[in-house]
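As you go down the protein sequences, you meet chains A, B and C in turn. Going by the working numbering, the first residue of the first sequence is number 383, and it counts up by one from there. Going by the working numbering, the first residue of the second sequence is number 383, and it counts up by one from there. Going by the working numbering, the first residue of the third sequence is number 383, and it counts up by one from there.
There may be inaccurate statements among the hints.
Given that identical chains are not distinguished, each listed pair holds provided it fits within a single copy or across any two copies.
Unchecked claim - Below, in silico cross-link-like pairs of lysine to any residue (SDA-like), each with a Cα-Cα straight-line distance of 20 Å or less: (1) 471 x 653; (2) 419 x 446; (3) 570 x 616; (4) 637 x 740; (5) 421 x 575; (6) 623 x 464; (7) 421 x 409; (8) 413 x 729; (9) 700 x 581; (10) 698 x 654; (11) 541 x 610; (12) 666 x 599; (13) 655 x 718; (14) 655 x 715.
Derived by calculation from the structure, the hints in this document are not laboratory data.
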Amino acid sequence: MRSLIDIVEFSVEELDELLKVACDIIDNPQKYSEKCKGKKLATLFFEPSTRTRLSFEAAMLELGGSVIGFSDAANSSASKGESMADTAKVISCYADIIATRHPLEGAPLVAAVNASIPVINAGDGGHCHPTQTLADLLTIYREKGRLCDLTVGFCGDLKYGRTVHSLISALSRYTGIKIVLISPDELKLPDYIREDVMEKNGMEYIETRYLEEVMPQLDILYMTRVQRERFDDLDTYERLKDSYILTLDKLDTAKKDMAILHPLPRVNEISVKIDDDPRACYFKQVRNGKIMRMALILKLLSETDKHWDPFEDTVKNKYICSNSKCITTVEQELEHIFKKNDDGIYRCIYCDSQANKEEI
Amino acid sequence: MRSLIDIVEFSVEELDELLKVACDIIDNPQKYSEKCKGKKLATLFFEPSTRTRLSFEAAMLELGGSVIGFSDAANSSASKGESMADTAKVISCYADIIATRHPLEGAPLVAAVNASIPVINAGDGGHCHPTQTLADLLTIYREKGRLCDLTVGFCGDLKYGRTVHSLISALSRYTGIKIVLISPDELKLPDYIREDVMEKNGMEYIETRYLEEVMPQLDILYMTRVQRERFDDLDTYERLKDSYILTLDKLDTAKKDMAILHPLPRVNEISVKIDDDPRACYFKQVRNGKIMRMALILKLLSETDKHWDPFEDTVKNKYICSNSKCITTVEQELEHIFKKNDDGIYRCIYCDSQANKEEI
Amino acid sequence: MRSLIDIVEFSVEELDELLKVACDIIDNPQKYSEKCKGKKLATLFFEPSTRTRLSFEAAMLELGGSVIGFSDAANSSASKGESMADTAKVISCYADIIATRHPLEGAPLVAAVNASIPVINAGDGGHCHPTQTLADLLTIYREKGRLCDLTVGFCGDLKYGRTVHSLISALSRYTGIKIVLISPDELKLPDYIREDVMEKNGMEYIETRYLEEVMPQLDILYMTRVQRERFDDLDTYERLKDSYILTLDKLDTAKKDMAILHPLPRVNEISVKIDDDPRACYFKQVRNGKIMRMALILKLLSETDKHWDPFEDTVKNKYICSNSKCITTVEQELEHIFKKNDDGIYRCIYCDSQANKEEI
């Protein structure tokens, strides 16, 4: 049974196929309007996320299917102490496919290995959010006509922004991508993304603190929010914050066909005055997210007999996960399972965090 | 794009057309059971209201459409600081029509001018609740066969009851309506409704504190709740409250075909013993509300190319809205926009409150 | 109009018919996929219960119907003080059948007598949960091929477990049932079940504190959770708890075709290592619950003209209910109604508790 936890599980060929199906859905929506007739999507949202949940629900409805689910943990059996594994087994009796969001990292993988239906990770803490990346990829593809030979700027919080990490990983497999990292020192891209993803794949990149400096060369500008709570020092925040707010005047030097992306919700990091500029693509991105989720649901429902084993080449119960937000910290009778990466580091199969150094 | 924020936006001809469609739906439900096939209603309820939300959802389902949405703000993106404008733009990518309830007055208009799909106001604070008025009108029409030449009593809290204000406004455009206002002095109809609506339109009306006194002349009795928290003085409340509770014995002098309406929920202001009296129409009103919402959804989905501009003849950013519950107090980058009424008073385009006197 | 509040309202013949329909649904799901087209189920959950709610929703969707509702009281009109009776009358305007869960015992009966559509009790406090019993019966029937001539063990909390009481009541009408009661003294089956149900119906039974002692003779083992909060004395709890946790080694002496049931959610009372044992039937039970709910919805929607009067042979307003969790304690203008049992005891029609001794 195939599930989707992390975008890197899909090959470039698979991504290309998803993009192709998505474009066909856009061109011929009627062709798909009964594809999932009689099928049910379960949206298991252990923390609220209206946009993502409604996107999945709209996707399933536009495929002619229906939806059951819950929108926060208080309304779920988890409030009665049920494990994620049991929830997945129970929901497998009710639905044909699951989309789940969870504050604990790795929870969707626990669901996937226990469910007898496909599971889509709709966001697990700071870990992964692969369907956002699918939305980003379709938007770039539709705006620029390609996923190669592009200069892509990422602006704002590059340290905690999982959508940034994930999109860089996805783009690392295409050729001719130049990455421009624009952030304050406090919020720079983590070393493991720079080294393990960009340098390892030979991606060209530059780092800067100043958006204006690099604006003219960008094909894509991916904005994120700089949150006050990320700074130890409020003075620094106050001094920096305006640099990472996109206003109409800053667009003067940008290419006329640059595409501005943002994973939303925005608060004030993009002025609403930009919304009517043809370069503003963040609401198109929303629609594209729905379309890619349609393509993804179709793909996973058609691959239920495909082999997928996240436990290949792993070691069990030798180490403990170091991440306090990992599902292994709370899930009943869950084994600690690690995979040895190329660099020799053992990483938790659930949340990708490093193992604690000592063996159990 | 046409939306519905305030009942007065609909002409008498439009209301008559809605009533006609509603009666046809009642007679031929099957004819309408696939009218919205493939269409989606988004119910965006930023505060809970089961009855209204489920009425909209039942309406859309009986038209063959489907529903997405949320039932309180905690489960919405607003909890992450998203503006109403952005929410409306995002939901426009997922659904075909929006019904929204919001504690802040004017929020549905902000949604309507930003959405690319029609928006129905399902209640915004104390401001408007037009689909309740549609339910009231259909109930009167079906019970009495007409919307003119009627004596209509309103009993209870006439000061804060927005359904009362709204129904009086709607009835002011029909001929031969006599209004009977029954309330304690503390909860009398506000002057601006009496003057701007009733007197301006030459409506006949009387005011009284005693329900029994006027009961025999009423064709319609519209009950509302007298809430303890509206009184500064608890003694006054205790002395008055029973006068505004409808019991079986008080009905002795009423016409045999009087119709009793109530917007619900009731607590104790109508004795449950009256429920089986043929004059009790408040549960018929519930069913009529669903039917009128069906007619309204059909109307708005058929008028998406119709021009609607709430900003005609307005002034921008010259005054500030005086209403602390207006959406302008919180919505990001929202301009303050006012319209000059016949009386020379500038009123906020969003919540209809007066402008603060000084110009900005 | 027929509703389902307590499993004992169904005759053995009716249960057999439900089981027969359920088996046909399992064999021919397509035959049922449009049976409820155009029909709406309202799920009125005044307290959260994901599993039960989603089971009902999946059931209705698999019958081709649709669903409206709410998943906790905060999102319902009850938070505005609406009575259960009014809610039932209102929802009757929106839906074709109701499934309701409520923390107050008797609330679903209040809904049933006020609604103009069938009402299914989806759990009312510690009182009844008949659709769980339907799930249990189908599971036993499908695993063992019969509902008679079985030795059925109940293990754990037999005092407060309403699913235990309810299943014993249901089984009391079949022949050749032997009941094995396994619990600590603190959590023994209440006398009124032992006397009024088991002894009155001549059921064979034994009581023990030790699961291991009786394991070899069981055809069915029904597990429940032993909750810490049920014990006055924590030492006792600590000493006892492991005796009532089912582990793989305890299964060594069990029959090879014993069926293990559990109403779920479990916390730790059944080791997850047992999940893969062919005797583990608790997830099959989940699927069976959905199937029986499908059969039940079909039955009730086909019997809307059938006479059902829970008020036959009752006395009104002569006694007061002694149960502080009874709906009569809060519902507006609700009469206190009692039925005299064979033993001469007056029991509340809503919650089955005894009347307070003095007459009003």
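Status of each hint after checking the structure:
1. For a Cα distance limit of 20 Å, the shortest separation of residue 471 from residue 653 across copies, 15 Å, qualifies, whereas the shortest one inside one copy, 45 Å, does not.
2. In the homo-oligomer, the alpha carbons of residue 419 and residue 446 lie at most 20 Å apart both inside one protomer (5 Å) and across protomers (10 Å), since each shortest distance falls under that limit.
3. Taking identical chains as interchangeable, the C-alpha atoms of residue 570 and residue 616 lie at most 20 Å apart only when both belong to the same chain, with a minimum of 18 Å there against 52 Å between chains.
4. Taking CA atoms no more than 20 Å apart as the test, residue 637 paired with residue 740 passes in neither setting, with 52 Å inside one copy and 44 Å between copies.
5. Proximity of residue 421 to residue 575 under the C-alpha cut-off of 20 Å is found in neither arrangement, the shortest distances being 38 Å within a copy and 43 Å between copies.
6. Taking CA atoms no more than 20 Å apart as the test, residue 623 paired with residue 464 passes between copies only; the shortest distance there is 18 Å, against 42 Å inside one copy.
7. In this assembly of identical chains, the alpha carbons of residue 421 and residue 409 lie at most 20 Å apart only when taken from different copies (18 Å versus 23 Å within one copy).
8. Taking identical chains as interchangeable, the C-alpha atoms of residue 413 and residue 729 are never at most 20 Å apart, the minima being 43 Å within one chain and 49 Å between chains.
9. Neither within a single protomer nor between protomers do residue 700 and residue 581 lie at most 20 Å apart by alpha-carbon distance, with minima of 30 Å and 55 Å respectively.
10. Taking the shortest alpha-carbon separations for residue 698 and residue 654, only the inter-copy value of 17 Å comes in at or below 20 Å, while the best intra-copy value is 51 Å.
11. In this assembly of identical chains, residue 541 and residue 610 lie within 20 Å of each other by CA distance solely inside one copy; the values are 14 Å within and 44 Å between copies.
12. In this assembly of identical chains, the alpha carbons of residue 666 and residue 599 never lie at most 20 Å apart, being 22 Å within a copy and 59 Å across copies at closest.
13. Proximity of residue 655 and residue 718 under a CA criterion of 20 Å is satisfied inter-copy only: 16 Å between copies versus 50 Å inside one chain copy.
14. Proximity of residue 655 and residue 715 under a CA criterion of 20 Å is satisfied inter-copy only: 9 Å between copies versus 53 Å inside one chain copy.
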